[in-house]
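Engineer: If you read the sequence shown in the numbering used here, its first letter stands for residue 364, the second for the next number, and so on.
These are calculated hints, taken from the structure and not from any lab test. Even glycine gets a Cβ: it sits at the ideal position worked out from N, Cα and C. You may find that some hints are simply not true.
Simulated restraints on C-beta separations [unchecked claim]: (1) A550 x W439: 15 to 25 Å; (2) H656 x H463: 17 to 27 Å; (3) A550 x L679: 19 to 29 Å; (4) V640 x I576: 13 to 23 Å; (5) R438 x F622: 17 to 27 Å; (6) I570 x W439: 28 to 38 Å; (7) E553 x L655: 39 to 49 Å; (8) L460 x I535: 31 to 41 Å; (9) T646 x I535: 43 to 53 Å; (10) W439 x Y653: 46 to 56 Å.
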Amino acid sequence: MDWSRSDTERLLAVFVGFLSMITSGSTYAFGAFTNAVKSHFNYTQSEVEFLSSMPNIGISFAFPAGIIIEKFGPRWSTLCGAIFSSLGYGLLYSTTLQQHFYHTKAWLQCVYFFIAGFGATFFYMTPLAINMGNFHPKHRGLQLMFQNNLGTYLKSYGFESYTTLFTTLNPIAAIFSKFFAGFLSDAIAEWVPRSVVLLTFNLAQTIDLVLCIFFANNFSLFLITDIIIGFANGAVWCLTPTMISEFYGMNNFSRNWGFIMLGNAVLGLVYQETFGVLYDVNTKETNQCYGLHCFTWSFVIIAVSSFCASILNIGLLQKKIDEKKHDGEFPKAELCCL
């Protein structure tokens, strides 16, 4: 096979996409310094939850980014991302120099986090849309609440010294999962629907979260949970865009996926605030809660949500089976993973 300049440009686009994903993924690092923010500004857990949900809302508010990509192209969308990200992180840096002012101005930090997250969505959507179109279809290959509150969990369970370990393992597991889920769905796409792969991750996550309701303060289980949540998160973000392109095609893909991401933002905010309220109910005058009871109902909520996602996934699988009966074979999936 002859190697052409277009092949080199496509691979370069993939490499740039990796760098862009690293930039956009930095918004999920909040869990590593949750306790530091809370103690430095003396915020309540509810305020911290609202703060930690803002980057996700920003990066999930991808509908405008999708329109800009389709109307004006990747150059302008990348420029917008650079402007918003620089502004957001610059304003966040200024908060470290004005502790007394921002102690009573948590809402301002929320705005700054949103701006930073909104900038990150351009760095996420642009390479995703470009690389989805650059490759042949056959080569496209609830977790937020847990991720953003890793530091809080660890402190309550007496594992605070392992914060760096846990916040590092989670994204590593997600990265590995994206490659694994993408290659696996490529390999079996002609025989097994993509929804089966996603369902497997959903079921593993649900079982693990149910165990966490009763034994989350066990170090080994919590370590396994950290990895499983990362795996499930990676699979969702890898397979879902591909499934969207399969169902609706590449026309208006950026808008469709950007609109769907809004649901992630809204539910993420609801879960974050619920976690904060449930945590604050159990806190004493120290503004800290220690023990398994601090998060029992939080784990119940996300375990039930994960179970509901599995049920919906089964419904999606049934739809694929019905299509097979109607067409005589499974439609070949358009595979991609970023």
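Engineer: Hint by hint, say whether it matches the structure.
Structural biologist: We went through each hint and held it up to the structure:
Hint check: A550 to W439, Cβ distance near 37 Å, so the stated range 15 to 25 Å is violated. For H656 and H463, the Cβ-Cβ distance of about 34 Å falls outside the hinted range of 17 to 27 Å, so the restraint is violated. The hint said 19 to 29 Å for the Cβ distance between A550 and L679, and at roughly 20 Å that hint holds. The given range of 13 to 23 Å is respected by V640 and I576, whose C-beta atoms sit roughly 18 Å from each other.
Look at R438 against F622: about 23 Å separates their beta carbons, and that is inside 17 to 27 Å. At about 45 Å, the beta-carbon gap between I570 and W439 misses the expected band of 28 to 38 Å. The hinted window of 39 to 49 Å between E553 and L655 holds, with their beta carbons roughly 46 Å apart. Range check, L460 to I535: Cβ separation about 33 Å, and the 31 to 41 Å hint holds.
Restraint check, T646 to I535: a C-beta distance of roughly 32 Å breaks the suggested window 43 to 53 Å. As the Cβ distance of W439 to Y653 is approximately 50 Å, the hint placing it in 46 to 56 Å holds.
Hint violations for this structure: numbers 1, 2, 6 and 9, all remaining hints satisfied.
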